[in-house]
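**Student:** Take a look at the letters that make up each chain.
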Amino acid sequence: MLPRRLALRTMATAFADQLRSLTDDALGALLQLRPDLVVPVPSDVSALAVRAQSRGSVARCLDALDEFTLAVLDAARLSRAEETALTSVAAVVELAAATVAPQDVRVAIDRLRARFLLHGPEDALQIVGAVDEVTSPYPAGLGRPADYLDPQAAALCADRAKLRRAVLAAPPGARAVLDRLAAGPPVGALSSGGTVAEPVQWLIDQHILVPVSEAGRAPRADGELVELPREVGLLLRRDSGPLGPLRPLPPTPEGPVRESKSVDSAGAGQAMEAVRHVETLLEALSAEPAAVLKTGGLGVRDLKRLARSANLDEPSAALLIEVAYAAGLLGEADAAGTGRGVTASRASGLVDEIFLPTGGYDLWRALSIAQRWEALANSWLAMTRQPGLIGQRDDRDRPINPLAPDAERAGAPQARKEALAALAALGPGTAPRADEVLELLAWQAPRRARGREAAHRDALAGAAALGVTGLGALTSYGRLLRNEDVPGADADPLGAGPGGGRVPGASDTVRTLDALLPAPVDHVLVQADLSVVVPGPPEPELAAELDVVAEPESAGGASVYRVTSGSVRRALDVGYSAADLHALFQRRSRTPVPQALTYLIDDSARKHGGLRAGSAGSYLRSDDEALIAEVLADKRLGTLALRRLAPTVLCSPVQIARLLGALRDAGFAPVAEDAGGSAVLARPKVRRAVTRTPVSSRLGEQPGPPILAGPRLAGVVEQIRRGDVATRAARRAPVTVRAANGQQVPGLTSVQAHTQAMAVLQQAVRDKARVWVGYVDSHGATLSRLVRPVSLSAGYLRAEDERTETLHTFALHRITAAVVED
Amino acid sequence: MTGGPLIVQSDKTLLLEVDHPDAQACRMAIAPFAELERSPEHVHTYRLTPLGLWNARAAGHDAESVVDSLIKFSRYPVPHALLVDVAETMDRYGRLQLINDPSHGLVLRGLDRIVLVEVAKSKKLAGMLGARLDDETIAVHASERGRLKQALLKLGWPAEDLAGYVDGEAHEIDLAQDGWTLRSYQQEAVDGFWAGGSGVVVLPCGAGKTLVGAAAMATAKATTLILVTNTVAGRQWKRELVARTSLTEDEIGEYSGERKEIRPVTIATYQVLTSRRGGAFTHLDLFGARDWGLVIYDEVHLLPAPIFRFTADLQARRRLGLTATLVREDGREGDVFSLIGPKRYDAPWKDIEAQGWIAPAQCTEVRVTLTDAERMTYAVTEAEERYRVAATARTKLPVVRALVEKHPTEQVLVIGGYIDQLHQLGEYLDAPIVQGSTTNKERERLFDEFRSGSLKTLVISKVGNFSIDLPEAAVAIQVSGTFGSRQEEAQRLGRVLRPKADGRQAHFYTVVSRDTIDTEYAAHRQRFLAEQGYAYTIVDADDVLGPPLPQVD
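Protein sequences, first through last, are from chains A and B.
Per the working numbering, the very first residue in the first sequence carries number 1; after that it's consecutive.
Per the working numbering, the very first residue in the second sequence carries number 1001; after that it's consecutive.
For reference, chain A alone in the conformation it holds in the complex (with noise of 0.2 Å):
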């Protein structure tokens, strides 16, 4: 190992020297290939050529590499020459080759050089030495050389025909086993019962397995390791190629190709159900809003709720409610001021936020469908959530809730885009499984698929129940959507709620989405069975009038409502006349208005106001209507402000007393009557004063102190010794310290300089004297202690106390005073 990094130092000006050699245009390809290298600018070719090399660097351009460039990479490593670290484009070639076409492997020796991965002439290639860092310490899943692990092992491989028979003489179980460690990577761990599997066994005693326990590597606690030696494994790999199987071209999705006709307009259907499926649920929020938790986030109860109420199954609701939150459609109110009864929904008790749509709803509704679907998208495109993990268990195994933190994922956008960009690079129509398209990005860039595989699949159910996708393949206005948003994303992420600065209309997908979605209608049929059938999408206006006047019963590409008594008495409510209501469904309708429902609005109409009902602070009612008449008559009462509700019956808004009084000041002779309507009778009162209770009660209710004895007349007696020896002990304490600490003493307001104490503890330290210590405790109470300090450092007094032997730690900005005892 020793040359090697010795070689790598002296490399490293040979790194800087190339760069500089580089012309610009060469130097500007480089910087788009790895443009973290220009954040922030390097100051001059050395800084880039530090960076270039560093391991964030390097292992950020590995990222965006794909598997077989990686796999190329990796025979780069194999192929190095022990002594010089250098490896040469013939070697590359000849390890890499012998599956796939050289031309494939130049190719993606090139892609290397270009990111000077790979560097320096072709004859004498160096790798990037934070190469070996950032990957894995096999490459191409290979162990290390024999000679290095074992001697025994090492003379085994070394006698290529021994070798070979000792492997083909592998029983069955144990060739199993290397064929799994052959395949990479080539290290696994023995079971920690302490006895060894049989083959695993044989293989070790044939020192065709080594086991490792070198130093350096964190002793495991699952056992030990064993290691394939790379002879072993080149051998077992005698068909598939010293690098395993190797696919220089991307694996392609064998998907059906689907009409991309039906692609769209099973698409814009779904898009169609996202956008409406969003607006009931927040409807059905808007009429019951839900508490946010404690811990944050829509309860499941709340969640199972809203799913119901728009007929849809719960992730899917979880995903709309988070869209539509990430859309910013949705957000938190504070419950006090809307006065709802959540409170009383939940026992739980006080909730103190709600969800609630936001006024951005509002604008939202008034956008056309392919515009608020288009808000919707680009706000799933860059929410840093994932909906898939509702529902799910989080570590503690509790459930994740929507829009609760555990669902936040910083990398879900990237995972969306990814998984789009893969759809879209098949043709149009492709309709691929999701474990082909996850397959795809797991060739595209290995190490950024690891790990990511939910992630990806949540953005491909995501893109499905949205309609980005249709029948699994990507729609044409999707295609549309992911260009856009491209450049827009990063700068506007949640830009993209309700007329965030966008022009209306403007953009390609909605106007392609426009096209395939069913044109909005102004009219309706009107049948006998009081049913209203919207033929379509309706237009906002004519949504707003069925809204009131009829119930909804069918929603989807047409709209299907009924009307009721109920709701042509809510439209009365609102305002509409009868001959509003006719007038409405006869400019509306398409086909006759049918008598059931005339007779339906004006028997409703006549009924309606029927009932009056209204607030009064008092009435008046007499049999004799000319008396009735007489006091409305009065211009003395017109301060009561008398109504006539009938011949009989006068209201004012005023409480009885003052209508009394006025009344009787009047000179009429009123008697008021009770909620029975029987009269009241009242006696004028004398005042008085709140009773009191005679002290003579008082004391006879209170009997003196008991009398103690015997035992626990003894236990009284010993707690107050205890206390007053406490209190002694107390007072023994220097005044400055009793003065520190807050304690009366006359006669002496001083108090000690820190400084000073500090040195007396210093001083007690190396004395190894008692010392009186006063603190403020992290209550903020003050006290005071004998203590013989050990240790005075890094902000901390360390002292024993030797009465408790125990250990005390003070803070050293506590302590208020410190005196020597005498």
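Heads up, some of the hints might be wrong.
[To be verified] Calculated cross-link-like contacts (lysine to any residue; reagent style SDA-like; alpha-carbon spacing at most 25 Å):
#  : chain 1 : residue 1 : chain 2 : residue 2
1  : B       : K1072     : A       : K162
2  : B       : K1500     : B       : T1364
3  : B       : K1456     : B       : G1484
4  : B       : K1072     : A       : A515
5  : B       : K1238     : B       : A1176
6  : A       : K261      : B       : V1084
7  : A       : K261      : B       : D1085
8  : A       : K304      : B       : R1527
9  : A       : K607      : B       : K1456
10 : B       : K1072     : A       : V257
11 : A       : K162      : A       : S240
12 : B       : K1456     : B       : Q1236
13 : A       : K607      : B       : R1332
14 : B       : K1406     : B       : S1461
15 : B       : K1456     : B       : I1419
16 : B       : K1124     : B       : R1332
17 : B       : K1154     : A       : K261
18 : A       : K607      : B       : V1389
19 : A       : K304      : A       : K261
20 : A       : K607      : B       : V1084
21 : B       : K1072     : A       : V521
22 : A       : K607      : B       : G1484
23 : B       : K1406     : B       : K1500
24 : B       : K1350     : B       : R1527
[As the list claims (entries may be wrong)] To give an idea of the chain A side of the interface with chain B (calculated C-beta under 10 Å), a few residues:
#  : residue
25 : A268
26 : T469
27 : D529
28 : S531
29 : E553
30 : T806
31 : L807
To be clear, the hints were calculated from the coordinates, so they are not data collected in a lab.
Every residue gets a Cβ at the ideal spot worked out from N, C-alpha and C, and that includes glycine.
Start from chain A and add chain B according to the hints.
**Tutor:** Same frame as chain A, now just chain B:
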């Protein structure tokens, strides 16, 4: 966008615009898998149900063809999720099969082993399954066939029943088509039923359901048990069978409260079958009395609960349910489907009317205004008595008379639900009354007189709701009923729908008290007919009493 006639809704309803040029083609395409739910004048509503989709699977339609026809006729893009759902639902059918194993008898076989394991573990199937024969087969007790099918349906894994039907005791029955032939829709109904083996045929009142039954018997050519609502209906069946088939009087037995005859064709009433003595059903032996090849349930929407239970044991026999209105106010339509069989044939009333097989009917709601005294009485009545008070208001009497007088040449039925009111009406109109206490003999006599025309007006109680064949009745006036029962309304309309000799129009009046619960119930009652496309005209009682109505026909 294809501009098709169909709109597919995400709640799985299909809206079919009737006036669209492709509407008929679309109806043919979706009828096999979608159930007609409502058929008002402009837009018919179909529904995609798992049951309907599975029936389509059973009839040989695959998911691809269903999805194709949806997409082909849909006006707007069909949501992707719905298509997926259709395909997944249809895929569940037939994973399990009920077959007759030569050595073990009835067995449940799973083509998908995991499904079989899943259902075998279900508590709902406890006791229905026998021993496990091998990985793919489980023995089934023959008596549990019906209940098992029902339970599997509820679990969402419908079994394909390949165990077949017993032929029953053969008995020669032929249709005697002298001077008449089976109508096309009747033939389609019989064919649909026979192909499916068991099931329900829904045809409007007066469309000749008895003949569908007779034709089914002629196809089966086996002994038949016919279950009817009451004795009078039973005798009508007998009369019809004697007239229309090769059966003679002696071959048909009546099993009722009065007579207990068991013959190759036996007509029994629900009432006698469900009558109990000492808590036990004493007449159940009838089901086993002969080796019946066919069981016909007339007016299947009225099937009493105990019959459901007996029917579960009859799964090896062919079962035919007949009804005009498969709406049950108790919501047990699902049980009818799973025990007797799925809907095999359904025709919108208006279609049959358009073909001239039932009389066109004019439905009119006459609203009477209660007198102030009546309103006051109504206002202070307890909630449970309110409908009776509103429905039996005396103010209705002159209106009924005016309506009767408006049709001097027609045969008029006055139908009501309250005996007191009927007696008042009888006196007021000077017409005889048929009610529950009227003897069968007296009923027969009055009905005969009415049929012959010597009796012009007849007042009948609820007994007249069903299965009375009074072909010449052209006007029905309904004064009160069983609250908001939709099927009662339809059945009563059915009384006047038998096609008239000269093709004249039938009139159906319902007299309701304005601004009372009577109006609300009337609206609910009318819903079924409104959904079938019957538009009610509302007139004011004053118009009936005052100047004559303009003649509409």
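**Student:** Verify the proposed pairing of B/K1072 with A/V257, using a straight-line Cα cut of 25 Å.
**Tutor:** 19 Å, holds
**Student:** Take the C-alpha atoms of B/K1406 and B/K1500, compute the straight-line distance between them, and say whether it is at most 25 Å.
**Tutor:** This hinted pair holds, its Cα atoms lying about 19 Å apart.
**Student:** For the pair supplied as a hint, A/K607 and B/R1332, confirm whether the alpha-carbon distance does not exceed 25 Å.
**Tutor:** With Cα atoms ~37 Å apart, A/K607 and B/R1332 exceed 25 Å; violated.
**Student:** Quickly compare the C-alpha distance for A/K304 and B/R1527 to 25 Å and report which way the hint goes.
**Tutor:** 33 Å, violated
**Student:** Assess, step by step, whether the Cα of B/K1124 is no farther than 25 Å from the Cα of B/R1332, and give holds or violated.
**Tutor:** Roughly 19 Å separates the two Cα atoms, so the pair holds.
**Student:** Mind checking the CB of A/A268 against every CB in chain B and telling me if the closest is under 10 Å?
**Tutor:** This interface hint holds because 4 Å falls under the 10 Å limit.
**Student:** Does the interface hint hold: is A/T469 within less than 10 Å of chain B, judged Cβ to Cβ?
**Tutor:** Holds: closest Cβ of chain B sits about 8 Å from A/T469, inside 10 Å.
**Student:** Are the Cα atoms of A/K607 and B/V1389 separated by 25 Å or less?
**Tutor:** 20 Å, holds
**Student:** Hold the hint about A/D529 up to the distance rule: shortest CB distance to chain B must be less than 10 Å.
**Tutor:** Hint on A/D529: holds, closest Cβ of chain B at ~4 Å, below 10 Å.
**Student:** Holds or violated: B/K1350 with B/R1527, Cα cutoff 25 Å?
**Tutor:** 15 Å, holds
**Student:** Are the Cα atoms of B/K1500 and B/T1364 separated by 25 Å or less?
**Tutor:** Answer holds: B/K1500 to B/T1364 is near 19 Å, not above 25 Å.
**Student:** A/K607 and B/K1456: Cα distance at most 25 Å?
**Tutor:** 40 Å, violated
Taken one by one, the earlier hints fail for this structure at numbers 1, 3, 8, 9, 13, 17, 19, 20, 30, 31, listed in ascending order.
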